[in-house]
Amino acid sequence: MTGRRIGVAVAILALIAVPFVIGEVYYVNIASQILLYAIFALGLNVLVGYAGLVSLGHAGLFGVAAYVTAYLLAAGYGHLVAILAAIAAGLVVTAGFAALALRATGISFIMISLALGEIIWGLAYRWISLTNGDNGISVATRPAPFGLPLTSARGFYDATLVVFLVAVAACAIFVRSPFGAALCGTRDQPRRMNTLGYHVWMIRFWAFMFSGLLTSVAGILFVYYNEFISPQALALTASAEGLLMVISGGAGTLLGPVIGAALVVIVKNVVSAYVTRWNFVLGAIFVLIVVFMPEGLVPGSVRFWRWVTASRRPRVAATVVERESRP
Amino acid sequence: MTFWLLLTVNSVTFGGLLFLLSAGFSLIFGLMRIPNLTHGSMFMVGAYLGTSLLSGALGITLNFWLAAVIGAVEVALLGALMERLLLRRLAGQQLAQVLVTLGVSFMAADLCLMGWGGDPISVATPPALAGFLRFGGAVFPLYRLAVILIAAVVALALWLMLERTRLGAMIRAGVDDPQMARVVGIRVSQLFTIVFALGAGLAGFAGMIGGPILSVYPGLDQDMLPLALVVVILGGTGSLLGSFVGSIIVGFIYNFGQALLPELAYFILFLPMVLVLALRPQGLFGGQVL
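Those protein sequences? They're chains A and B, same order as listed.
In this text, residue positions in the first sequence follow the numbering used here: the first is 1, and each later residue adds one.
In this text, residue positions in the second sequence follow the numbering used here: the first is 1, and each later residue adds one.
So here's chain A without its partners, still in its complex pose (with noise of 0.2 Å):
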């Protein structure tokens, strides 16, 4: 295990020192930008590869947490008061979506998630009085926390970056705690684990509450680091770009999310600079991925690189597609 701790030191040294090798600000707002997406994508992978839960309100979540951040910030509440709140309604409105969705699970657990995510978008676009609808509501100022201002791009990538070591610690404390291990039981064999005794429904909503939480932090991280939030960040576009991060990267790994995090966001800002059609290629990119590599990125690599070295017996990487056929 001593070589894990030193690719986790290394990897940390190297987000460290991303800003001094790549001096150009849009190119460091880019890294800000990968980080705050692999928080929301950290969260959403809780549910989707490890409690088998496939969501496709997200965005929501994410939008709600924002939308409170800037609404108090506007109405000149300060930081830490906009902070808080946002992630106390961001879990509130997730419990709320966790008792609703939670009657099902599989498919109409989709199509639940999926109509809850559309609610919060249709108050963010028309509720206009509240949330000001397309025009969105504009942030003027970053916090400066311990006297640190935020305001520049490397003094904001260096704090998305605490808040990600800390999601990614928190996340890797979560899967090999014995909560993760049953939650990753009540995915694979939701009856058994029944019988054996775990409440499968409240192992499935405090993996939700989980979700939640980073899903709001980065919804957080969104406003201040657009320092705007109008109701694009919340739509059905949004949820499918967290799905599809969690998907390309692998679902049910640690590090998948963080990888496919990087890509879309590489990927969207490339395809953006040559063409307007995001949305055509993320479809594609959708279709492509789940006809073709449906176990992500990364499974799919270490099944290789397993298949290469053949040192270790073939595991079957655990795969999104359909775990329990329902009768």
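What the hints contain is simulated information worked out from the structure, not anything from laboratory work.
Do not rely on the hints blindly, as some may be mistaken.
Among chain B residues calculated to face chain A with C-beta under 8 Å, some are [what the hints assert, rightly or not]:
#1 R33
#2 L90
#3 G103
#4 F270
#5 L277
Computed footprint of chain A on chain B; a stretch qualifies when at least three of its residues, placed anywhere within it, have a C-beta under 8 Å from a C-beta of chain A [to be verified]:
#6 94–101
#7 256–266
Taking beta-carbon pairs under 7 Å as the criterion, some of the chain B residues facing chain A (in silico) [what the hints assert, rightly or not]:
#8 P35
#9 F106
#10 L229
#11 P281
We put the beta carbon where it would ideally sit given N, CA and C, even for glycine.
Could you slot chain B onto chain A? The hints should help.
Only chain B this time, still in chain A's reference frame:
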């Protein structure tokens, strides 16, 4: 009084449109066990194709109804193609199928934006129905009444097809128990294509019929898809009666909500869905739990 009467007619009209949209959605869900996330796109593509046919894409300017029907047939063919070429490859992998329909819906939305531009296209009401019907003090647009009539006729035809024909019996068998249906010799995979094309065609037809009321614009697909979802969650999957009742309920809530609480109309729309999910997860008329 007149206000309420007019609102009621509008609600039923919108409910009729929703029924045309969601009947196919519900049947596809009932049979293939997947929500077809391209259903909103089919509605929009049907409308766009219809407007092009109206303005003479075939060299002659077609009559409104002919344009609607030809547009619907084209959308049905596209639906059948998609089922055969994409969904068929992923048979048995429901999650993958849902994600593919999602991907295709994004591609379709962008292609429509490329083909027809970003400006809303208004569809002229067919001249024969441009008039009004006076009843008491109220004035009703003839076209809206016609839409109600069309929806009722389609509902009746669908019901007869499902209940009285051999194909309908096969579809019902497939919805109830696909494995058993296969065992008794029904080619369920062929039914998939037929139902998918039928649902696509109905959605495309609804798009054009709805044109004079809603007009056609980018984002129409994303406006309609959640409505179809709500109708089906309300009414229950695979049930024609369910989508009928669900559509009418949603039609009323949507129109009354928009008239009384315009900012929150979209939110109110989802309340009955929340209630149904909490109290009766299989939907009002659904046999199976979601």
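How the hints compare with the structure:
1. R33: Holds - the Cβ of R33/B comes within 8 Å of chain A, reaching about 6 Å at its closest.
2. L90: With a closest approach of 7 Å, the L90/B hint holds.
3. G103: holds (3 Å)
4. F270: holds (5 Å)
5. L277: holds (5 Å)
6. 94–101: As far as the stretch 94–101 of chain B goes, the hint holds, because 6 residues have Cβ atoms under 8 Å from chain A.
7. 256–266: The restraint on the stretch 256–266 of chain B holds, since 5 of its residues have a Cβ under 8 Å from chain A and three suffice.
8. P35: holds (5 Å)
9. F106: Since the shortest Cβ distance to chain A is 3 Å, the answer is holds.
10. L229: Since the shortest Cβ distance to chain A is 5 Å, the answer is holds.
11. P281: holds (5 Å)
Consistency note: the structure conflicts with none of the earlier hints.
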